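K.L.:
Each chain, written out:
Number of protein chains: 2
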Amino acid sequence: MHNIIDKYPSRKSQQEQIIPRVDPVIFGKSDHGDPYALSPQQLQHFEREGFIVLQDLFSPEEVEKLKSECDRLVADETLHENEEFVTEEHSKIVRSIFDLPKFSGVFDKLSRDRRFLTVARQLIGEQVYLHQSRINIKPALDGKSFPWHSDFETWHTEDGLSSPKVVTGWIMLTENTPYNGPLFVIPKSHKKYVSCPGTTPENNHKQSLKNQKLGTPSLYALEEFTKDGEEVIGVYGKPGTVVFHECNIMHGSPDNISPWPRTNCFFVYNSCDNAPVNPPFGAKKLRPKFLCNTDTTPLRPL
Amino acid sequence: MHNIIDKYPSRKSQQEQIIPRVDPVIFGKSDHGDPYALSPQQLQHFEREGFIVLQDLFSPEEVEKLKSECDRLVADETLHENEEFVTEEHSKIVRSIFDLPKFSGVFDKLSRDRRFLTVARQLIGEQVYLHQSRINIKPALDGKSFPWHSDFETWHTEDGLSSPKVVTGWIMLTENTPYNGPLFVIPKSHKKYVSCPGTTPENNHKQSLKNQKLGTPSLYALEEFTKDGEEVIGVYGKPGTVVFHECNIMHGSPDNISPWPRTNCFFVYNSCDNAPVNPPFGAKKLRPKFLCNTDTTPLRPL
Chain A
0 MHNIIDKYPS RKSQQEQIIP RVDPVIFGKS DHGDPYALSP QQLQHFEREG FIVLQDLFSP
60 EEVEKLKSEC DRLVADETLH ENEEFVTEEH SKIVRSIFDL PKFSGVFDKL SRDRRFLTVA
120 RQLIGEQVYL HQSRINIKPA LDGKSFPWHS DFETWHTEDG LSSPKVVTGW IMLTENTPYN
180 GPLFVIPKSH KKYVSCPGTT PENNHKQSLK NQKLGTPSLY ALEEFTKDGE EVIGVYGKPG
240 TVVFHECNIM HGSPDNISPW PRTNCFFVYN SCDNAPVNPP FGAKKLRPKF LCNTDTTPLR
300 PL
Chain B
0 MHNIIDKYPS RKSQQEQIIP RVDPVIFGKS DHGDPYALSP QQLQHFEREG FIVLQDLFSP
60 EEVEKLKSEC DRLVADETLH ENEEFVTEEH SKIVRSIFDL PKFSGVFDKL SRDRRFLTVA
120 RQLIGEQVYL HQSRINIKPA LDGKSFPWHS DFETWHTEDG LSSPKVVTGW IMLTENTPYN
180 GPLFVIPKSH KKYVSCPGTT PENNHKQSLK NQKLGTPSLY ALEEFTKDGE EVIGVYGKPG
240 TVVFHECNIM HGSPDNISPW PRTNCFFVYN SCDNAPVNPP FGAKKLRPKF LCNTDTTPLR
300 PL
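Chains A and B, in that order, give the protein sequences. Numbering that gives the first Met the number 0 numbers the first residue of the first sequence as 0 and each following residue consecutively. Numbering that gives the first Met the number 0 numbers the first residue of the second sequence as 0 and each following residue consecutively.
A few of these clues could be false.
Because identical chains share one entry, a pair is satisfied inside a single copy or across any pair of copies.
In the DSS-like style, the derived pairs of lysine-lysine whose C-alpha atoms are separated by at most 27 Å in a straight line are [said to hold, decoys possible]:
1. Lys226 / Lys237
2. Lys91 / Lys209
3. Lys226 / Lys66
4. Lys187 / Lys28
5. Lys28 / Lys190
6. Lys226 / Lys64
7. Lys6 / Lys187
8. Lys187 / Lys237
9. Lys212 / Lys91
Simulated from the structure, these hints should not be mistaken for laboratory data. Keep in mind the model is a prediction, meaning the values are calculated, not measured.
All chains, please: the whole structure from these sequences, using the hints.
P.N.:
Below, the structure written as structure tokens:
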């Protein structure tokens with residue numbers, strides 16, 4: 000057991016509650032002196048809105064290589080037995096692949112590419128490790144939606160991350176358009192925290208990775224987030240576009256009925272001083288390592 | 000039995016085929032001399048693209064009244080027993096209400112409003128009747144998607160409409176945005192016809208109204224439609240916006256994960272000389288009257 004105070008209680012009652020964020024948004028140094036760092040204006044934008052989109056950060060050739068590597072992982076059916084490969088709820092289509100460095104040197108390198116790691120350190124602090132990594136594949140025609148959620152709600156409740164000192168950087172491997180199930184975010188929502196009702200059942204991840212039911216806000220909470228004219232925004236871009244989104248920003252994505260797949264690769268950078276505590280704050284035990292890495296060795300830049 | 004040639008065979012084999020449209024797009028008079036008629040430019044646009052959007056055709060006060068009437072129908076649970084009221088596949092939430100004039104004088108009048116009827120006559124011919132009418136409600140957070148389809152494929156195959164001499168006019172009762180499951184169309188797709196594989200089972204509408212499985216194009220067919228740079232387009236607008244879309248245009252809509260409902264009211268105007276033939280072209284018998292009206296008395300303008 001541990002005595003760490005639960006600053007963001009969730010799944011501890013049947014009441015939903017919106018509570019304030021008690022931590023800053025940016026933990027690193029603003030004057031980073033690295034050519035890959037965000038500018039002061041970009042940092043301000045991230046602090047205020049909770050996300051930032053960096054168009055075309057990777058070249059078409061680079062993306063092509065990443066895309067091929069992803070295709071290789073999806074095509075290799077011998078890999079599908081691994082728990083890191085999650086299929087759609089009602090089919091055998093691959094929906095997500097977790098712990099990318101385990102299966103791919105290409106994606107291991109990508110996670111340490113300075114275009115990701117410099118910004119992650121700037122936002123979170125010098126010492127970061129990969130809490131989680133994944134590719135989400137939304138196949139054309141029937142890629143399924145992800146309901147609204149704050150990543151941090153799950154990472155705090157089920158993975159024992161005490162503070163929102165963790166950020167997701169991700170790259171579009173296919174174009175993200177209004178039509179192929181893009182990410183929707185609610186700007187500024189990262190400054191409030193939705194404490195969700197319910198109790199986490201054992202092995203909740205087996206359900207939540209296919210269709211998350213716990214830790215999702217009510218319509219009432221979403222209306223609270225959008226009532227001051229804060230609208231939903233769709234995150235669109237060409238392949239090679241990189242997005243950083245704050246761990247507590249409210250986001251979700253509709254299904255993909257378009258003829259174009261939507262494939263994105265995510266890296267979750269956590270501060271080494273924010274490692275999982277056990278037991279976590281709203282579940283009996285930590286999730287498996289492919290979701291909640293407990294090897295907090297700092298990442299070394301490429 | 001009848002001897003009418005099947006110009007648009009579908010669900011007669013296990014092969015999907017894309018065949019050309021052999022009918023014109025516009026059947027009425029272009030010089031209509033009615034202030035509510037489309038201009039020659041608007042007609043050209045409709046002919047070429049297969050749809051036209053008329054922003055803010057109804058005032059906020061008019062829309063408010065229509066919205067209240069819709070809310071009344073949804074709230075009156077005694078009505079839900081009627082087959083015209085279709086719920087979502089896995090819940091009791093109302094998804095669609097059909098045959099609006101049967102339940103509502105307000106919507107009966109709306110179907111004969113000159114802003115609809117003048118344009119319908121201009122596109123289809125002087126004598127039109129209501130083949131079908133419906134409100135589609137996509138509730139906030141969990142309104143379900145409609146897969147890609149051509150309306151005409153079903154109306155021909157299951158309702159016995161020989162020719163694509165039928166058009167849908169519809170009004171947005173709530174704002175349609177990129178976020179609340181809007182209609183997506185493939186411009187110009189109305190000039191080709193996807194002959195779909197399969198055989199229509201008895202009472203197919205009981206499944207298709209909740210989740211259409213037959214009469215939907217394959218990924219291959221969709222790629223054929225979009226390969227010449229014809230992109231998907233989302234149809235967005237404020238409440239009161241009216242859209243006319245050609246009966247054979249390929250369209251669909253994703254689910255609605257947003258906090259805003261998406262409610263649209265549709266009127267399907269068929270030419271009186273294109274009445275259902277029995278049996279229809281790809282099913283044993285016509286669908287029920289609330290889907291396939293056999294009273295072809297011409298509509299009288301309000």
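K.L.:
Hint by hint, say whether it matches the structure.
P.N.:
So, going through the hints one by one against the coordinates:
1. Lys226 / Lys237: between (31 Å within a copy, 18 Å between copies)
2. Lys91 / Lys209: Both: 12 Å inside a chain and 23 Å across chains, each within 27 Å.
3. Lys226 / Lys66: between (39 Å within a copy, 21 Å between copies)
4. Lys187 / Lys28: For Lys187 and Lys28, only the intra-copy Cα distance (21 Å) is at most 27 Å; the inter-copy one is 53 Å.
5. Lys28 / Lys190: within (20 Å within a copy, 58 Å between copies)
6. Lys226 / Lys64: between (43 Å within a copy, 23 Å between copies)
7. Lys6 / Lys187: within (19 Å within a copy, 55 Å between copies)
8. Lys187 / Lys237: both (24 Å within a copy, 25 Å between copies)
9. Lys212 / Lys91: both (21 Å within a copy, 19 Å between copies)
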